[in-house]
Amino acid sequence: MNNRKDVLQGTLDLLILRVISREPMHGWGIMQRLRNLTEDVFQVTPGSLFPALQRIEENGWALGEWGVSENNRRAKYYSITKAGRKQLAREEQDWKLITTAVSKVLEGA
Amino acid sequence: MGWARFRSMLRRLLRARSAEQALDDEVQSYLQHEIDARIRSGIAPQEARREALVEFGGVEQVKEVVREARTGAWLDHLRQDVGYAIRRLARRPRTAIASITALACGIAAAAATWSLLTAVLLRPLPVRTPENLFIVGRRPVVSDPTVRDSHIYPLYPAVRDSGIFEALAAGGGGYSVPVAAASLPTPGMAYFASHDFFSTLGVRLALGREFRPEDDRRGARLVVVLSDRYWRQAFLADPNVVGREIIVSGRRATVVGVAPRGFRGLSLAEAPDLYLPLHAIADVVEIPVNNFFAVANTRSSPVAWITLIGRLRDGSDKAQAEARLANLAPDQFGGTFVLTNVNRAAIPEAARAGMAQFTRLLAFTVGLLLLIACLTAAMLLLIQTEVRRGEFAMRLALGAPRARIARGVVIEGALLSVAGAILAVPATQWLFAGIQLFEAPGGVRIDLLELSIDESVLLAAAGGAVVATLVIAVVAGMFAFSVNVQDALRGRTGFATQRLTASRTRSMLVIGQVAASLTLLAGAGLLGRSLIAALSLNPGYDTSRLVTGGVALGPYGYSPEQAAGFFGELRQRLSNNPSIRSISMTLFRGGMAPSGKLVIDGVPRQFPSMVTFTGVDQHYFSTVGLPIRAGRGFTSYDRAGAPRVTIVSESFGRLLSDGGNPVGRRITEPIYPIGRPADVIEVIGVVPDVITSIRTLEPLVMYMPLEQLPASSSRIVVLRASSDSASAVRETMSAIKQLDPAVTPQPLLTIDERLVQQMSPQRFGMVMLGGLGSVAALLTVLGAYVLAESLATSRRREISIRAALGGTGWRLGGFVLIETIRLVGVGLALGLVLAWMGSNTIRAFLFQVQPLDATTLAVVSALIFTAALAVSLGPAITATRVDLARVLREE
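Here the protein sequences line up with chains W and U, keeping their order. Just add 1128 to wherever you are in the first sequence, counting from 1, and you've got the numbering used here. Just add 443 to wherever you are in the second sequence, counting from 1, and you've got the numbering used here.
Honestly, the hints are just simulated from the structure, not real lab data. Here the structure is a predicted model, which means the values were calculated and not measured. Possibly wrong hints are sitting among the right ones.
[Unchecked claim] Simulated pairs of lysine to aspartate or glutamate, EDC-like, Cα-Cα distance not exceeding 20 Å:
1) K1180(U) <-> D985(U)
2) K506(U) <-> D1141(W)
3) K506(U) <-> E1185(W)
[Said to hold, decoys possible] Footprint (simulated), chain U over chain W, 3 or more residues, beta carbon under 8 Å:
4) 1162-1168
5) 1182-1191
6) 1197-1210
We treat Cβ as the ideally placed atom computed from N, Cα and C, and that holds for glycine.
Sequences and hints are given; from them, build the entire structure.
Here it is in structure tokens:
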């Protein structure tokens, strides 16, 4: 538990967009995928997941539609939109810039 | 906000319920998946559900976070708060209505005042580039600072031909002339204007044309331009009015134009009904002695009646123009010249200072009223304090932020203010109708300002609502922030409560109300005393039944001989009328202005105010009731041809003889016909002063027998009513109409009515301050009652215990009275300070009363004190009748 980290401020949108860019997913599914991908390092609580999903939908980056999940339950599936893909590309770019800059500082110091 | 977010916000706002439902569905679905996953890993369903819920971390909290993060969440909150506020207010409709009424009164007063002041002070004349337009004023004597705006005729051509101005127009007004369109003649106010008057001002006529140079000549065929107001009133806005013939002063005149709406001449004190060519004045205004055009071969001095309006070229220097005017003809028009901008000159010179003071008085009053209205609304919002404290505490305990609670109170205040502002609009209209009856200082007639509900009124109302909301927010918000959860929750159960905050706020409100109402009522009282002082100017005889009114027959074509027959017949008819005890005919025969000199016993002397020459018949002194104080009265020997005699007013007699006996003094006749030398008039008697103007408390009058003065076709009818002056006026009017239906006299008024008319600003102030003060006092009494009541209830338990231990009467209920006395006392002290601060504002309007008149302040203080004490008696008595058993049962 101790090596779980809160998701870096502002990166949650990027992660969610990345996850749903492959296929439409529902909230719980996105959460599971994030856990698996980060090997349980990032802890995303429902208190930050739902506002993020709402924000993404409000901004028109994803489209939420009700469907039926793998275990036969109603769920809201989020699929990335064209605007969402652009946003994803932009945020990936930004993220790379930042990480490169930070690693340069860390290596050079 | 991006388009996508805006759209989603709109969608959600329109379908608030389904958005809520979708959120709930999504959260439930998430939880189900979590539970399913745990069950799959072998955990029992019950336990799986518990774990999932714990991990989720509070369904409601998560939903709240999502709601808060929504775009337009504040709108949702606002909608909720507004809905909540409306429900709260609707639960207490009486309180809400009282608050709204108080606010509507305050806002309407503010809006009407604002509108009045902008109309008088800020709204410029509707002329082209007013900054270049100046009224030419002159100070003939260097030692006298008075700037005269009226000049004798010869200055007009001199300035016009000098080329100092790009254009120069001349005018002169204030003459009432009989006008007949279709029906009988009615008096109309005429303004005589040079042919280029409208073009110089840059005013385009609404219909027709302005005067041509050939119209503006003596003896030319009369033409008329109508004012917009007169066109609407007398001609029912007839679009074909141009070319119509009307009768002005018995002469045929053709209407050639109509002035545009909103143009009402150059002065706020007058609004001409019709404009006539400048040079027609001598043909239309038949005052035989008036020498309008300064004709050299008559003995009467030239009349200063011409106003000059000059337009300076763009960029030319005002001071330079003034200097050039001074060099024009120094021997003929000496002194200094002063150019006053037309907008400034629109307020009569004498009234400018008064107007500013009037403005301050109005602003001070209305500010106070608005404050009281806000305080009352805030107070009423807090009236059910106990209920609200409990409610606030409950909401705080449930986790609502204090700011949100304060916002709720502010929203209630805002709703009340907005409702008040909406109601204030019709109330303002009603106020306009009310204040139309009054005059502002300088004779600015409010009805001529044509006040109406326009954008400035609506703006002022909106501004008033904002101010009200702010004040309520501060007062009520402070309260909401000071609620203590534990205290309040305990208080709800009825144990000894600490309502200090609430009662402190209320105490402050009551103190403020007492102070404000004392100030307002004291102001009303002072103005009332001024009025009474004005009406007591003429002791010794009854001015309420003494009616006077001018009747001029010249304009109806009467010669002096025909007029003498008319007035003889009128006298005959009226002296047999039972409603009239006595009747007399007098005649105003001009006078000597303070700048002129009267020759007394061969020595020329100047007097501080106008010396009036009045012709009287032998019934005058008995009709008015003036005893002869010294010398003798007129007799039948004092007829035409006999030695000239005069009876003087006491004030004039005193000046004339330097305090000694004026009888026997000889005054050389100042105005006399051509062809004979000036007569010498001997003073034969002295009568008491008759004060008809509050500005002339020492009237200087020379009464002379009518027969010894040049004949005239005008008279002033003076009559004493037997009992009711109104019926005497009716009888006189009908007698005049029977003799000649065409003749319309000037209004017949009692001397009291004339004095009261001159006190118009004071009357206006008295009605206004009195009205506002009464409302304020009412609210104050209500406030005092509420306070006493809440004091009594809040200490019921303590009182009941003391009663059970043997306390009685005064000892039990006394604290309520003592508290009321304390608060009202502090409020009165504060009110005295306010009154002292306002004393300079009201000083200018007081007549023979001091601003800090002890009697007035004492009476008003006593009134407020007694009323407040009286209403708190009820709660105090109730407090003594508590029953311990019942109080304990309730707890």
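How the hints compare with the structure:
1. K1180(U) <-> D985(U): violated, 28 Å
2. K506(U) <-> D1141(W): holds, 19 Å
3. K506(U) <-> E1185(W): Status holds; Cα separation ~16 Å.
4. 1162-1168: violated (count 0)
5. 1182-1191: That given contact holds, which follows from 6 residues of the segment 1182-1191 of chain W lying within Cβ reach (below 8 Å) of chain U.
6. 1197-1210: holds (count 6)
Hint compliance for this structure: hints 1 and 4 are broken, all remaining hints hold.
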